[in-house]
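In the order they appear, the protein sequences are chains A and B. Under the UniProt record's numbering, the first sequence has 537 at position 537, and the numbering climbs by one with no breaks. Under the UniProt record's numbering, the second sequence has 465 at position 465, and the numbering climbs by one with no breaks.
Some clues are possibly wrong.
Copies of the same chain are indistinguishable here, so a pair counts whether it falls within one copy or spans any two.
The list that follows gives simulated cross-link-like pairs (lysine to any residue, SDA-like), each with its CA atoms no further than 25 Å apart [said to hold, decoys possible]:
{"id": "1", "residue 1": "Lys35", "residue 2": "Gly386"}
{"id": "2", "residue 1": "Lys281", "residue 2": "Gln301"}
{"id": "3", "residue 1": "Lys177", "residue 2": "Asn122"}
{"id": "4", "residue 1": "Lys177", "residue 2": "Gly34"}
{"id": "5", "residue 1": "Lys177", "residue 2": "Phe331"}
{"id": "6", "residue 1": "Lys272", "residue 2": "Ala70"}
{"id": "7", "residue 1": "Lys435", "residue 2": "Ser289"}
{"id": "8", "residue 1": "Lys55", "residue 2": "Gly76"}
{"id": "9", "residue 1": "Lys55", "residue 2": "Asn393"}
It should be emphasised that the hints constitute simulated quantities derived from the structure, not laboratory data.
There are 2 protein chains.
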Amino acid sequence: MTVFFERHRPMLEAATAALYARGFWTPFPEVPSGKIYGETAKADGDATYAALLAKPFDLPGHPESQRLGAEISPWGPELGIRYPTAEPATLIAAARTAAPALAAASVEARVGVCLEILQRLNGLSFVMANAVMHTTGQAFPMAFQAGGPHAQDRGLEAVAMAHAEMTRFAATARWEKPQGKAAPIVMEKHWTIVPRGLSLVIACNTFPTWNSYPGLFASLATGNPVIVKPHPSAILPLALTVRVAREVLVEAGLPADAVLLAVDEAGAEITKTLATDPAVKLIDYTGSSVFGNWLRGHAAQAQLFTEETGVNTVTIAATDDFAGMCDNLAFSLSLYSGQMCTSPQTIFVPENGIETEGGHLSFDAVAEGLASAIDRLLADPARAAGVCGAVANPATLARVEAAQALGRVIRASAPLAQGRSATPLLVVPEGQGAKAAEDECFGPVAFIVPVADADAGITRAAALAETKGAITAALYDTDSARIGRAVQAFARAGVNLSVNLTGNIFVNQSAAFSDFHVTGANPAGNASLTDTDFVAPRFRRVMWRMPVAA
Amino acid sequence: MTVFFERHRPMLEAATAALYARGFWTPFPEVPSGKIYGETAKADGDATYAALLAKPFDLPGHPESQRLGAEISPWGPELGIRYPTAEPATLIAAARTAAPALAAASVEARVGVCLEILQRLNGLSFVMANAVMHTTGQAFPMAFQAGGPHAQDRGLEAVAMAHAEMTRFAATARWEKPQGKAAPIVMEKHWTIVPRGLSLVIACNTFPTWNSYPGLFASLATGNPVIVKPHPSAILPLALTVRVAREVLVEAGLPADAVLLAVDEAGAEITKTLATDPAVKLIDYTGSSVFGNWLRGHAAQAQLFTEETGVNTVTIAATDDFAGMCDNLAFSLSLYSGQMCTSPQTIFVPENGIETEGGHLSFDAVAEGLASAIDRLLADPARAAGVCGAVANPATLARVEAAQALGRVIRASAPLAQGRSATPLLVVPEGQGAKAAEDECFGPVAFIVPVADADAGITRAAALAETKGAITAALYDTDSARIGRAVQAFARAGVNLSVNLTGNIFVNQSAAFSDFHVTGANPAGNASLTDTDFVAPRFRRVMWRMPVAA
Numbered sequence: 001m002t003v004f005f006e007r008h009r010p011m012l013e014a015a016t017a018a019l020y021a022r023g024f025w026t027p028f029p030e031v032p033s034g035k036i037y038g039e040t041a042k043a044d045g046d047a048t049y050a051a052l053l054a055k056p057f058d059l060p061g062h063p064e065s066q067r068l069g070a071e072i073s074p075w076g077p078e079l080g081i082r083y084p085t086a087e088p089a090t091l092i093a094a095a096r097t098a099a100p101a102l103a104a105a106s107v108e109a110r111v112g113v114c115l116e117i118l119q120r121l122n123g124l125s126f127v128m129a130n131a132v133m134h135t136t137g138q139a140f141p142m143a144f145q146a147g148g149p150h151a152q153d154r155g156l157e158a159v160a161m162a163h164a165e166m167t168r169f170a171a172t173a174r175w176e177k178p179q180g181k182a183a184p185i186v187m188e189k190h191w192t193i194v195p196r197g198l199s200l201v202i203a204c205n206t207f208p209t210w211n212s213y214p215g216l217f218a219s220l221a222t223g224n225p226v227i228v229k230p231h232p233s234a235i236l237p238l239a240l241t242v243r244v245a246r247e248v249l250v251e252a253g254l255p256a257d258a259v260l261l262a263v264d265e266a267g268a269e270i271t272k273t274l275a276t277d278p279a280v281k282l283i284d285y286t287g288s289s290v291f292g293n294w295l296r297g298h299a300a301q302a303q304l305f306t307e308e309t310g311v312n313t314v315t316i317a318a319t320d321d322f323a324g325m326c327d328n329l330a331f332s333l334s335l336y337s338g339q340m341c342t343s344p345q346t347i348f349v350p351e352n353g354i355e356t357e358g359g360h361l362s363f364d365a366v367a368e369g370l371a372s373a374i375d376r377l378l379a380d381p382a383r384a385a386g387v388c389g390a391v392a393n394p395a396t397l398a399r400v401e402a403a404q405a406l407g408r409v410i411r412a413s414a415p416l417a418q419g420r421s422a423t424p425l426l427v428v429p430e431g432q433g434a435k436a437a438e439d440e441c442f443g444p445v446a447f448i449v450p451v452a453d454a455d456a457g458i459t460r461a462a463a464l465a466e467t468k469g470a471i472t473a474a475l476y477d478t479d480s481a482r483i484g485r486a487v488q489a490f491a492r493a494g495v496n497l498s499v500n501l502t503g504n505i506f507v508n509q510s511a512a513f514s515d516f517h518v519t520g521a522n523p524a525g526n527a528s529l530t531d532t533d534f535v536a537p538r539f540r541r542v543m544w545r546m547p548v549a550a
Numbered sequence: 001m002t003v004f005f006e007r008h009r010p011m012l013e014a015a016t017a018a019l020y021a022r023g024f025w026t027p028f029p030e031v032p033s034g035k036i037y038g039e040t041a042k043a044d045g046d047a048t049y050a051a052l053l054a055k056p057f058d059l060p061g062h063p064e065s066q067r068l069g070a071e072i073s074p075w076g077p078e079l080g081i082r083y084p085t086a087e088p089a090t091l092i093a094a095a096r097t098a099a100p101a102l103a104a105a106s107v108e109a110r111v112g113v114c115l116e117i118l119q120r121l122n123g124l125s126f127v128m129a130n131a132v133m134h135t136t137g138q139a140f141p142m143a144f145q146a147g148g149p150h151a152q153d154r155g156l157e158a159v160a161m162a163h164a165e166m167t168r169f170a171a172t173a174r175w176e177k178p179q180g181k182a183a184p185i186v187m188e189k190h191w192t193i194v195p196r197g198l199s200l201v202i203a204c205n206t207f208p209t210w211n212s213y214p215g216l217f218a219s220l221a222t223g224n225p226v227i228v229k230p231h232p233s234a235i236l237p238l239a240l241t242v243r244v245a246r247e248v249l250v251e252a253g254l255p256a257d258a259v260l261l262a263v264d265e266a267g268a269e270i271t272k273t274l275a276t277d278p279a280v281k282l283i284d285y286t287g288s289s290v291f292g293n294w295l296r297g298h299a300a301q302a303q304l305f306t307e308e309t310g311v312n313t314v315t316i317a318a319t320d321d322f323a324g325m326c327d328n329l330a331f332s333l334s335l336y337s338g339q340m341c342t343s344p345q346t347i348f349v350p351e352n353g354i355e356t357e358g359g360h361l362s363f364d365a366v367a368e369g370l371a372s373a374i375d376r377l378l379a380d381p382a383r384a385a386g387v388c389g390a391v392a393n394p395a396t397l398a399r400v401e402a403a404q405a406l407g408r409v410i411r412a413s414a415p416l417a418q419g420r421s422a423t424p425l426l427v428v429p430e431g432q433g434a435k436a437a438e439d440e441c442f443g444p445v446a447f448i449v450p451v452a453d454a455d456a457g458i459t460r461a462a463a464l465a466e467t468k469g470a471i472t473a474a475l476y477d478t479d480s481a482r483i484g485r486a487v488q489a490f491a492r493a494g495v496n497l498s499v500n501l502t503g504n505i506f507v508n509q510s511a512a513f514s515d516f517h518v519t520g521a522n523p524a525g526n527a528s529l530t531d532t533d534f535v536a537p538r539f540r541r542v543m544w545r546m547p548v549a550a
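Just chain A, same shape as in the assembly (with noise of 0.2 Å):
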């Protein structure tokens, strides 16, 4: 059953070539254009999405002993969406049950299954982005971006790399070993690709489709039955997600089950029941560092995929273009604020200021200048809506409330108009915030911390990433023996480093089949999406032999 495998086989092809070239590249279209996505997409989405609201969600076969699902958008409403769920000892037998198909189903069949469930997603693009927006308080344009195509990409990007990973090497060899005189030793050799074994995926909050997609679909490709663990308060996006998977999944005659909804509840989470099942092999992870250490701690049967804690920061060495680096900052500290993983939070600025195009700064002066820029772009509130969303979650709230106290506040947060919401705080810190600096403040909160000089921010840029984890870095720099100095530190430090971004492009946007998303090389992960060692170990080979007549 390798149909859908051809239909798709120029997309992975083309996939393929992204992959190792790095240029810009996607199938899906990020624009939520009705020209695209037909004129009737948006409205179909927003019908579809709120058919769904208090209802039971429909799983057809899904093991199910309750209903469970408490989630409420932070724009407001409670969704009221009850899914089917089950004991993890339950979900792990159905899992279980549907691994041998999956194994035994050709490399095609699964990366055919894989790449037709993307394709399948991408027709809900506008159905997600109504459900990404209203679990994780995004924006309706950022949640179809993050949410749909950008998601989509990722979860390709998977695919493609699994299925060059998979036929890497000859699958069937003739070995012949000359003899001298004498007849060659003949031997024919064939190998398997055998899975790992059963694949977790547990999901965060503000990301839920675009940081479970890549391990979803490198296990579900190469083999491995994937039991979906969604954030008690994201679970519609993955739901949607399993729902499409286990209808491909049949029409290919492989079993749903290879693809299930683990959902739970806060405070009665299955989480740590299901990373330690024997059975589990493989667990890709977003979220905290501390939930990451009891994984590596407990759950040392299974291969550990993560994205955790992080802080990133900002170097502002000197500019040729203050407002436009001021504006480009303040949209990536404004942008769904905060809340991404990609986020700025930790500006370094020399105590004694900085050379501009327009002459010499003083500190505070590139403090206001970042200010300002936030209340330039803010100022309407349906833009600033549209960039900040809303906060997730309330203990966010609490954070930007708590962080005023660590030192001078240089802008203020406040709520926007819609939605639970708290524009950037901008605080200098002193005293005892010197230290609350250099740990992730998660949240529309970012510190400006005076250092001797822009060398000394670089050092303590990349030391904050070596030591506490960072997924990005930025610079802000003339001086390009510097920039080269600045290049090398970074890079040993393990963190992709943008450099003088102004315009359309953020340090917080990372594009699939170009940028690696984390290195792996410091605390704020061991995964990079996708390298190769984010498909590799979900598999092996295993061979056998046989002498052949010469």
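Position chain B relative to chain A; hints supplied.
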């Protein structure tokens, strides 16, 4: 400095092509022939080896606080060589000091160094053969092959795989994102290969070079300084290797301390101290699962690549060449006295016997056939010594002695004329012995275990691989349907299967560039020589990106 890379580029390209095609290929001739290696190569190698004995080993510039070394040849004489060594902290510090320059070297510089080391080691194959022979107990021809060219093949395989992986994705890219009618966003992106940290290679007594070269060369090629920790009984082969490596490093303008030797003494091993050092991020280990488990529990800071304990099986279902089968197995059981990680141990035979080309044979007739074939093979004392070699560890002799009590002895073990030796013991386990046959009994001991029928044998053999680990499995059968079932069963158990081997090819043999050695899919090891997963985790990619004018 890429002179070495350019010099060996054709070999690298051929090796890489061989990796993918998986047919027979080697650049290092396995025949210890004067026609290939030079008419005086054997005599020169013997003389060079003799000149090393009873002297301090010269390792210029190596950290040294004392001299250690107490090797005794399993063939008799003490080697009397004293090696420089230093405290673990000193070795770690030296490796850390070497790390930045090694990391900063280009991929081509490091890969060129590795290729040159291998080429020079090939030129030392006759010296190495002596060194391996007198530390492992292997007979000279095997010590030449396994310790020299075959180990070099495995090293080259790892270098080629590491090179392929480091150059798999574009190192720079122009990322150009269309913006409708506006100018595109254009970024230049650059990726740097960042090594993981320090690498510790823990070698074994029996195959000091073959089992350590993959890890050593994979780590060095990817920029990680390597501390080579030899078994206290098999230091010389790795001391020679480290000396060559350091010479080549220096010639390439790189720090000699990028490869270090960590000599210790039995009973005062420094392995645990080295393995748990926070700077050590990669550990390659060959040895017992007992210490493997210790490493898993205590060296969690490092990525672990292991080859451990296992129970290799033979299932005899039927044959159309009984004598050929028995001769083949006799050699496999006798070769290096069962001290290969690939040696078969537990042989399942239907209790009612098997069908052969000469008609039905009872269980006892099959067992006697194996015993007779061993007797024939070892009848000539010189040939017997050449096949069996000597026993590396005195504890192995005690294990053979004890194994006689595990059941009905079909063939008694006996010493040979030369060295510490023991010919294969064949036992039909009885009573408590049945359980012993399902655990590794390292050395020249084989169990012939009656099973209800051939399918039961396949089931039990596969179950043993899955639960106890196995590196090889062999099957003799004439029923193609049953062979098909066995292929599936052993694949599920994660063990490579050899079917109907007769003549001059043996289940013990694992050829670089074709056979992946160890699957990583059962408890006999988590790493496979050399697949992608063996090299990909040894480095990370870190990017810097910057906008450029469209």
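Each hint tested on the structure:
1. Lys35 x Gly386: The answer is within: 22 Å in one copy meets 25 Å, while 78 Å across copies does not.
2. Lys281 x Gln301: This pair counts as both: shortest intra-copy Cα distance 6 Å, inter-copy 19 Å.
3. Lys177 x Asn122: between (51 Å within a copy, 20 Å between copies)
4. Lys177 x Gly34: Between. Shortest inter-copy distance 21 Å satisfies the 25 Å Cα cut-off; intra-copy 62 Å does not.
5. Lys177 x Phe331: between (64 Å within a copy, 19 Å between copies)
6. Lys272 x Ala70: Close inside one copy (20 Å), not across copies (50 Å); limit 25 Å.
7. Lys435 x Ser289: Within one copy only: 18 Å inside a chain, 44 Å across chains, cut-off 25 Å.
8. Lys55 x Gly76: within (18 Å within a copy, 82 Å between copies)
9. Lys55 x Asn393: Close inside one copy (24 Å), not across copies (70 Å); limit 25 Å.
Checked against the numbered hints given earlier, the structure satisfies every one of them.
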